[in-house]
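Work from the hints to combine the two standalone chains into their complex.
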Amino acid sequence: MSGSIGKPTPFIDAVQKVTGQAMYADDYRMPNMLYVSFFRSTESHAKISKLDISEAESYPGVCAVAIGKDIPISFGVLPISPDENAIAVEKVRYKGEIVAAVAAETIKAAREAVEKIKVVYEPIKAFFDPKDSLEVCAPEEQIHSHTKNGKNIHKTAELRFNEPEKELEIAKNKQSGFFKFAGVTHAFTEPHSTLAIWNRDDTLTVISATQVPFYLHKNISKVLGIPLHKIQVKKPTLGGGFGGKSDPFPHEIITAYLAKKTKRPVKCTFSREEVFITHHGRHPTELSMSVSCDDDGIITALDTDIIIDGGAYGSFGVVTSYYNGVLLQGPYKINKFGFRTRRTYTNKHQCGAMRGHGAVNPRYAVEVLLDMMAQSLNMDPCDLRNKNFLPENTLTVGEFRITSNGVRECLEAVRRKSDWDNRYGKLPFGRGLGVACGFFISGSALPIIWNRYPQTVVHAKLDFDGRIVMFSGASDIGQGSDTLLVQIAAEELGISMEYVQVETADTKITPVDLGSYSSRVTFMVGNAAKTATTKVREEMAKAISKEKDVTAENLIFNNCRIHTKDKSIDLSWEEGVEIALAGRGAFVESGYYISPKLGGDFKGSGAGLSPAYSFGAFISEVDVNPNTGAVIVTKVWGAHDCGKALNPLSVEGQIEGSIHMGLGQAISEEMRYHNGQQINANFFDYRIPSSLDTPDMDITIIESNDAEGPYGAKEAGEGPIHPVLPSIGNAIYDAVGIRMMELPITPEKVLSKMKENA
Amino acid sequence: MGLKQIELTVNDFSHPFLVESDETLLFTLRNRLYLTGTKEGCNQGTCGSCTVLLDGKPVLSCMTPTLRCVEKKVITIEGISSGENLHPVQKYLVKNGGLQCGFCTPGVVMTAVPFLEENPDASRREIKEGLSGNLCRCTGYKKIIDALENAAAEMRS
Ligand code: FES
Ligand code: FES
Numbered sequence: 001m002s003g004s005i006g007k008p009t010p011f012i013d014a015v016q017k018v019t020g021q022a023m024y025a026d027d028y029r030m031p032n033m034l035y036v037s038f039f040r041s042t043e044s045h046a047k048i049s050k051l052d053i054s055e056a057e058s059y060p061g062v063c064a065v066a067i068g069k070d071i072p073i074s075f076g077v078l079p080i081s082p083d084e085n086a087i088a089v090e091k092v093r094y095k096g097e098i099v100a101a102v103a104a105e106t107i108k109a110a111r112e113a114v115e116k117i118k119v120v121y122e123p124i125k126a127f128f129d130p131k132d133s134l135e136v137c138a139p140e141e142q143i144h145s146h147t148k149n150g151k152n153i154h155k156t157a158e159l160r161f162n163e164p165e166k167e168l169e170i171a172k173n174k175q176s177g178f179f180k181f182a183g184v185t186h187a188f189t190e191p192h193s194t195l196a197i198w199n200r201d202d203t204l205t206v207i208s209a210t211q212v213p214f215y216l217h218k219n220i221s222k223v224l225g226i227p228l229h230k231i232q233v234k235k236p237t238l239g240g241g242f243g244g245k246s247d248p249f250p251h252e253i254i255t256a257y258l259a260k261k262t263k264r265p266v267k268c269t270f271s272r273e274e275v276f277i278t279h280h281g282r283h284p285t286e287l288s289m290s291v292s293c294d295d296d297g298i299i300t301a302l303d304t305d306i307i308i309d310g311g312a313y314g315s316f317g318v319v320t321s322y323y324n325g326v327l328l329q330g331p332y333k334i335n336k337f338g339f340r341t342r343r344t345y346t347n348k349h350q351c352g353a354m355r356g357h358g359a360v361n362p363r364y365a366v367e368v369l370l371d372m373m374a375q376s377l378n379m380d381p382c383d384l385r386n387k388n389f390l391p392e393n394t395l396t397v398g399e400f401r402i403t404s405n406g407v408r409e410c411l412e413a414v415r416r417k418s419d420w421d422n423r424y425g426k427l428p429f430g431r432g433l434g435v436a437c438g439f440f441i442s443g444s445a446l447p448i449i450w451n452r453y454p455q456t457v458v459h460a461k462l463d464f465d466g467r468i469v470m471f472s473g474a475s476d477i478g479q480g481s482d483t484l485l486v487q488i489a490a491e492e493l494g495i496s497m498e499y500v501q502v503e504t505a506d507t508k509i510t511p512v513d514l515g516s517y518s519s520r521v522t523f524m525v526g527n528a529a530k531t532a533t534t535k536v537r538e539e540m541a542k543a544i545s546k547e548k549d550v551t552a553e554n555l556i557f558n559n560c561r562i563h564t565k566d567k568s569i570d571l572s573w574e575e576g577v578e579i580a581l582a583g584r585g586a587f588v589e590s591g592y593y594i595s596p597k598l599g600g601d602f603k604g605s606g607a608g609l610s611p612a613y614s615f616g617a618f619i620s621e622v623d624v625n626p627n628t629g630a631v632i633v634t635k636v637w638g639a640h641d642c643g644k645a646l647n648p649l650s651v652e653g654q655i656e657g658s659i660h661m662g663l664g665q666a667i668s669e670e671m672r673y674h675n676g677q678q679i680n681a682n683f684f685d686y687r688i689p690s691s692l693d694t695p696d697m698d699i700t701i702i703e704s705n706d707a708e709g710p711y712g713a714k715e716a717g718e719g720p721i722h723p724v725l726p727s728i729g730n731a732i733y734d735a736v737g738i739r740m741m742e743l744p745i746t747p748e749k750v751l752s753k754m755k756e757n758a
Numbered sequence: 759m760g761l762k763q764i765e766l767t768v769n770d771f772s773h774p775f776l777v778e779s780d781e782t783l784l785f786t787l788r789n790r791l792y793l794t795g796t797k798e799g800c801n802q803g804t805c806g807s808c809t810v811l812l813d814g815k816p817v818l819s820c821m822t823p824t825l826r827c828v829e830k831k832v833i834t835i836e837g838i839s840s841g842e843n844l845h846p847v848q849k850y851l852v853k854n855g856g857l858q859c860g861f862c863t864p865g866v867v868m869t870a871v872p873f874l875e876e877n878p879d880a881s882r883r884e885i886k887e888g889l890s891g892n893l894c895r896c897t898g899y900k901k902i903i904d905a906l907e908n909a910a911a912e913m914r915s
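As they're listed, the protein sequences go chains D and G.
With the numbering used here, you'll find the first sequence wraps up at 758, consecutive numbering, no jumps.
With the numbering used here, you'll find the second sequence wraps up at 915, consecutive numbering, no jumps.
So that you can see chain G by itself, here it is in the shape it has in the complex (with noise of 0.2 Å):
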């Protein structure tokens, strides 16, 4: 235990800090760099809503140590789409109603942004399976994969 000092490169700037030893991510970014679009659903890895990129994969920053991330590139919901433009994800979950309260929003796009850049011809299913880590208690999932499907088909073309 003990603080360390570290750099971590959060949305393309490069933050010096003071680190505990086992801080994990999300709550350095939540309370050390105030970016706060990351949500904690429940800081044991098992609702998504904490999912940010690291080095462009979705990871859970509730389960990983901020110690590891050094050297690494952070993306917070904040830095989609260098956080000016609607990406194509958040596009359709905002015009196919694919969110209510909205508070698994961000991991939901999180992990839909890298899942349909990799999978851009996802089935149904797949995006589905995509999605199967992100726990949204308002929509149903039924307009989320809607408007992922219609992404999908915006970032094809």
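Next up, chain D with everything else stripped away, as it sits in the complex (with noise of 0.2 Å):
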């Protein structure tokens, strides 16, 4: 490829960041600006019997009070559960939901005047253990009136194939354990920033720290019952997302009502703590699982039964309740296969979509009863995943499309590399590796707003200035989506990437795109710019073609020429634009990307549903203190099948990120809670590995060019953070000889275990 497609490069806007120059949400202001500030609830559950805000309203400094009933329609990230309302309406579920807003002319102001709201609660029985939730209570104690038979369930998925629960209870060879996962959050360094301008033509400008600027739009539409047409969200430069900043939030909908209400510009940024209290992070979780084999290690069946407590609200639960389960269909292959995911509600901070949504927890049993399959079976545990990897095109038992896969590679990298023969159960006691492997999806095939529109849709410009401009709703959230753009454009049309420029995430300028999420940009994005650009390219050979009296097939664009092979023709990149644009002037061409037809045609078939599937193994090296408990990951080679990687510097950065985050859930992080009331609100207490915690990295792309991928790249941003967890876990027994079942690892945990071993 003559352009930087498959070159390190470094991200177009990264001079901007590292000097400071790039502006996040917080970092725009309006003259005339009104500063928001929320009374939140100190109750879990409980009916809201009296709100006094006269005092508030007359605070000397404050414009608007609003409170529920202000802006009543209830709304939420699916379609399907728009379970909850900007502010809360009569009643409370969790401590911190936001009661009343006050917007002031200063943020002292602002949070002077919330003192003085005065309520009064009528608590109700509140619910902290999804156990409870599971059972039946008097129908004025249920969290949400619309979940059936009397209880706190939000949702139950559940799929089987082939009977794997017989198979199961015959099985000479089976595994089974019963797992805990402590919820966990995404701690992006950015806190949620959120600036509404209410213009004087009547139409709404939202400024937001969003993953997805189009379920926002949408929803501010629903919500505060402004035609679609009248609102503008634009994503600035995002201080990094990790799926916490995907749904559409109740502070950016109350910001827009505030500002639609008195008519200026509104901000509201969080604080730390409030960023944890809203959450929306990995559910804790419980399951039990079991995984049988025949002699020979070839998997013959896996049952599971998953609870995940959901917290207050929906949010994305009903995918992930999917997710839990079916994304368990690979790396490996397994006919006889089932799980039911029961997704609860309780009186604590929801939990909703993060980094390799919904199978990170269930990927850790996996991978954890393999450990143990391979052990009884006296079997090395890469040998057994090896001789259980599902081949490429083909499809798995829930009719999941797989096309490229690399896992093999992967799995072969890492055992080389990490010279996993010769030192597997070898190192001397409290040293130890462990391996993993993983896949996950490369975008969803079906939108989660239902609509017959392509998945995305991108518009390349050509202009006299002979700048080729990106038009795209795709929301680069520190992943590198606006550098991956003109690395395409500048690939087609065989330019320097300076000819490029973008302009994207915002709903009123750019075309739509359904957002960073589901690890669907490269793949799709990437495939309609793709499309776009090529048709560009081709537009300028038509006019060139005429003008000089040659073929239009025998141009060749590269190096900012556009030449005949023989050069009887070369024109610069100028040249070139002048002569397509003589007689027309600027135009726009456009890509767009719908994926395959895919799947079964049973319910639920479409969860878990991808034009593309990454895969991967890990291998991690621990050294476990028997004294003390504490474990500490000294390396991590790790191994990912991106397809291909447009971007390697890029692609490697999310494999590091991965390890990172995996390393963070396995061993530190934890939403700690004491009655409904989070603990460790905070860095101090919330424990994110620092740069003393982060181990060597060793990583590898593997490239197995995916037939539909753009040059055949998939995703890299989701699927490595799976096998991170398990093979820790893995090492951690390979060290002292305990089967941690419980995370995070604390050292705690660790030194019982041993106790227990002893």
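Some hints could be false.
[What the hints assert, rightly or not] Which chain G residues face chain D? A few, computed with CB under 7 Å, are given here:
{"id": "1", "residue": "835"}
{"id": "2", "residue": "860"}
{"id": "3", "residue": "897"}
[Claimed, not checked] Quick list of in silico lysine-lysine cross-link-like pairs, DSBU-like style, CA-CA up to 30 Å:
{"id": "4", "chain 1": "D", "residue 1": "172", "chain 2": "D", "residue 2": "333"}
{"id": "5", "chain 1": "G", "residue 1": "853", "chain 2": "D", "residue 2": "461"}
{"id": "6", "chain 1": "G", "residue 1": "886", "chain 2": "D", "residue 2": "108"}
{"id": "7", "chain 1": "D", "residue 1": "461", "chain 2": "D", "residue 2": "542"}
{"id": "8", "chain 1": "D", "residue 1": "260", "chain 2": "D", "residue 2": "69"}
{"id": "9", "chain 1": "G", "residue 1": "815", "chain 2": "G", "residue 2": "831"}
{"id": "10", "chain 1": "G", "residue 1": "853", "chain 2": "D", "residue 2": "417"}
{"id": "11", "chain 1": "D", "residue 1": "108", "chain 2": "D", "residue 2": "234"}
{"id": "12", "chain 1": "D", "residue 1": "69", "chain 2": "D", "residue 2": "333"}
{"id": "13", "chain 1": "D", "residue 1": "7", "chain 2": "G", "residue 2": "886"}
{"id": "14", "chain 1": "D", "residue 1": "530", "chain 2": "G", "residue 2": "853"}
{"id": "15", "chain 1": "D", "residue 1": "749", "chain 2": "G", "residue 2": "886"}
{"id": "16", "chain 1": "D", "residue 1": "69", "chain 2": "D", "residue 2": "50"}
{"id": "17", "chain 1": "D", "residue 1": "7", "chain 2": "G", "residue 2": "815"}
{"id": "18", "chain 1": "G", "residue 1": "815", "chain 2": "D", "residue 2": "635"}
{"id": "19", "chain 1": "D", "residue 1": "108", "chain 2": "G", "residue 2": "853"}
{"id": "20", "chain 1": "D", "residue 1": "597", "chain 2": "D", "residue 2": "530"}
{"id": "21", "chain 1": "D", "residue 1": "116", "chain 2": "G", "residue 2": "830"}
{"id": "22", "chain 1": "G", "residue 1": "853", "chain 2": "G", "residue 2": "815"}
{"id": "23", "chain 1": "D", "residue 1": "753", "chain 2": "D", "residue 2": "426"}
{"id": "24", "chain 1": "D", "residue 1": "417", "chain 2": "G", "residue 2": "886"}
{"id": "25", "chain 1": "G", "residue 1": "830", "chain 2": "D", "residue 2": "108"}
{"id": "26", "chain 1": "D", "residue 1": "548", "chain 2": "D", "residue 2": "565"}
I should point out that these hints are in silico values taken from the structure, not numbers from a laboratory.
No experiment lies behind these values; they were computed from the predicted model shown.
In this text, a Cβ means the ideal position worked out from N, Cα and C, and glycines have one as well.
In structure tokens:
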């Protein structure tokens, strides 16, 4: 390839970021701007019997106070579960829920006015343990009135193929376990922030730290009753998302409401504590799972029963419930397969989508059970896995269409690089190696908000200045999708990246994209960008061929020149642009991506369908201190099949970031609660790994060249996290002989397990 | 409490201000000077994203009262290398992919520049220690550390 595709390419906005010039949501301000502060619930579950805002309303500097009944229309990211209000209406369902909002001339005045709000609650029995939510309760104790059978179960997702339970009953080689996972949160460094501007032509502009401007746009319209065509949502530079900025949030809708009400710009920025309690992170999970194998180590069945603790509202929970199960259909071939996931409502902060959505916890269980299986069959854990991988171009039992698949190469790479065969099981007591594999969707084939549009549309514009501008709704959330658009345009047109600029993630200017989630951007937006820029090239070639009397196909676009092979025609880019625009002026070409029709025709068949799947294998090395129980991950070898690394620098970065996040969940991170109150809502007590905790990393990119991916590419942002956690768990077994079935693996848990074992 | 009239030297220019007596340097920089390159990740002294230089030493501006900065020199990310050229630390963060979302990056730069100036021969381990107060959620730190090693090498030569 002639351009920058496949070459390590610094992000196009990296210099802006490194000089402090990049503008994040809170960096924007407007003349005459108001500030918002929130009054939040101190009860977990209660009726609001009295709410008095009169003193706050008359507090100096206050321009507006909003309460639940001002904006009573419910919403939610999934149109199938719109169970949340921007401001609590009649009752509160978790400590920290917004009960009122104040907009004032200064943030100080807004905060002081909040102190003047008075509320009387009538407490209702609160549910903190998801197991209690499975039981029948009194009707008035139901967290949401729509749940069935008098229980607090939000969703039951269940699929079963070929009676796994029967196989497991008779299986000779069976491993079962009960696993428990604490909730973890995204902990992006940039707090949520939203600036809403009411324009005097009766339109609304919202600049918000969001991963999905499209969802926010739709939900603002729904709740505030503003027509879709009068709303503009823009994503500025975003300080990380990881799934945690993909729901439309109450604070965003409230800020927009206050702007509409006061006809002024209004801004809200969260404190770190508010970020923690807004959460939407990975669900606390309890699950039991069984796996069986024949004597050769071929997997015969897998069945699992999962409870996920959803917290007070739905968020992505219906999808999460399915993903917990369906994303176990790979990377191993399993013909007898089943799961049931129950997502409960509890009176805590709601959980939603987080990197590796839905499958991270059950993946841990699968990989630990396979390790136990290998041990019981006296087989090397890598060999056992190798025997069971899905081939390329196949269907899984639930009819996922597997195309390219580099999982064998992944495992082979980490096995060789870690010197597994000479070191596994042979390191001194306290040190160990562990292996695990994983796979993930490369974009969801079905949109969350059903529509008949393509998944994404990209426009490429060429004008007098010779510049290509790529218009895409895709959200760069730090993963580098803006850079990807530029790389693709440069590649297709044979120009240097300087000629290409982007306009992205602005619902007024850019064609709609469904957002940055489910690892869909590279695959879907990449394909659309390629089509759009290919068309620009074809248009230019057509014009030049006419003027210069040469066949269009013989024109080569390379090195900022357009020429024939023999150079009898040899134009600069600018000359080519001049010819292409003659008589027509600036033009725009459009590309789109629609996923092929996929999947079976049973209920639930849509969950987890993707045009391609990524694969990976990781090996971790740990040092366990048998006296203190402390676990140090010293090195991680990670191999990930991303189809084709369009920008290896960014693919490596995604894998390294996944190691960081996986390591945190494995050994230190945990949302801790006392009676529904989070007790570690800050970075002192919620410990994300620091530079000192970071292990050595050896990254291998495997390129399986997917037939449908742009230049062969698949995702790399989420898949790599799955194998990280179980590789650490399995390494601890190799080090000190204990099976860690509960995350995070704290020193106390290690010590008590070791005692049990002794 | 109450307002105080002060002069504050930021990036070699002295600004007259009225500040609240309990105001933090972070607030003053972002809200009164509109120098938004300095980021607020936590306002609790836990993330390092608000790091600036006070008389050449890195401080957490969210933990520093503005009144304590009078007659001292404050340098922010906007003032690094006089804002014109990239400092080697910045150059290699860009080149080596030592940033993704970039929100932690100004703080990383403001920590790393004085650290490497004082410890030009820092080992990888020492660089990790020097960075341990700067949380980054995106990169896993590896490429930041790589970048700082390369920057140190260039600063030595
Ligand atoms: S904002 Fe100052 S340390 Fe986080
Ligand atoms: S680059 Fe995102 S937090 Fe460091």
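Verification of the hints:
| no. | hint | in the structure |
| --- | --- | --- |
| 1 | 835 | holds (4 Å) |
| 2 | 860 | holds (3 Å) |
| 3 | 897 | holds (6 Å) |
| 4 | D:172 / D:333 | holds (19 Å) |
| 5 | G:853 / D:461 | holds (29 Å) |
| 6 | G:886 / D:108 | violated (38 Å) |
| 7 | D:461 / D:542 | holds (17 Å) |
| 8 | D:260 / D:69 | holds (16 Å) |
| 9 | G:815 / G:831 | holds (10 Å) |
| 10 | G:853 / D:417 | holds (26 Å) |
| 11 | D:108 / D:234 | holds (27 Å) |
| 12 | D:69 / D:333 | violated (52 Å) |
| 13 | D:7 / G:886 | holds (28 Å) |
| 14 | D:530 / G:853 | holds (26 Å) |
| 15 | D:749 / G:886 | holds (28 Å) |
| 16 | D:69 / D:50 | holds (13 Å) |
| 17 | D:7 / G:815 | violated (38 Å) |
| 18 | G:815 / D:635 | violated (33 Å) |
| 19 | D:108 / G:853 | violated (41 Å) |
| 20 | D:597 / D:530 | holds (21 Å) |
| 21 | D:116 / G:830 | violated (39 Å) |
| 22 | G:853 / G:815 | holds (26 Å) |
| 23 | D:753 / D:426 | holds (22 Å) |
| 24 | D:417 / G:886 | holds (24 Å) |
| 25 | G:830 / D:108 | holds (27 Å) |
| 26 | D:548 / D:565 | holds (14 Å) |
The earlier numbered hints that this structure contradicts are 6, 12, 17, 18, 19, 21.
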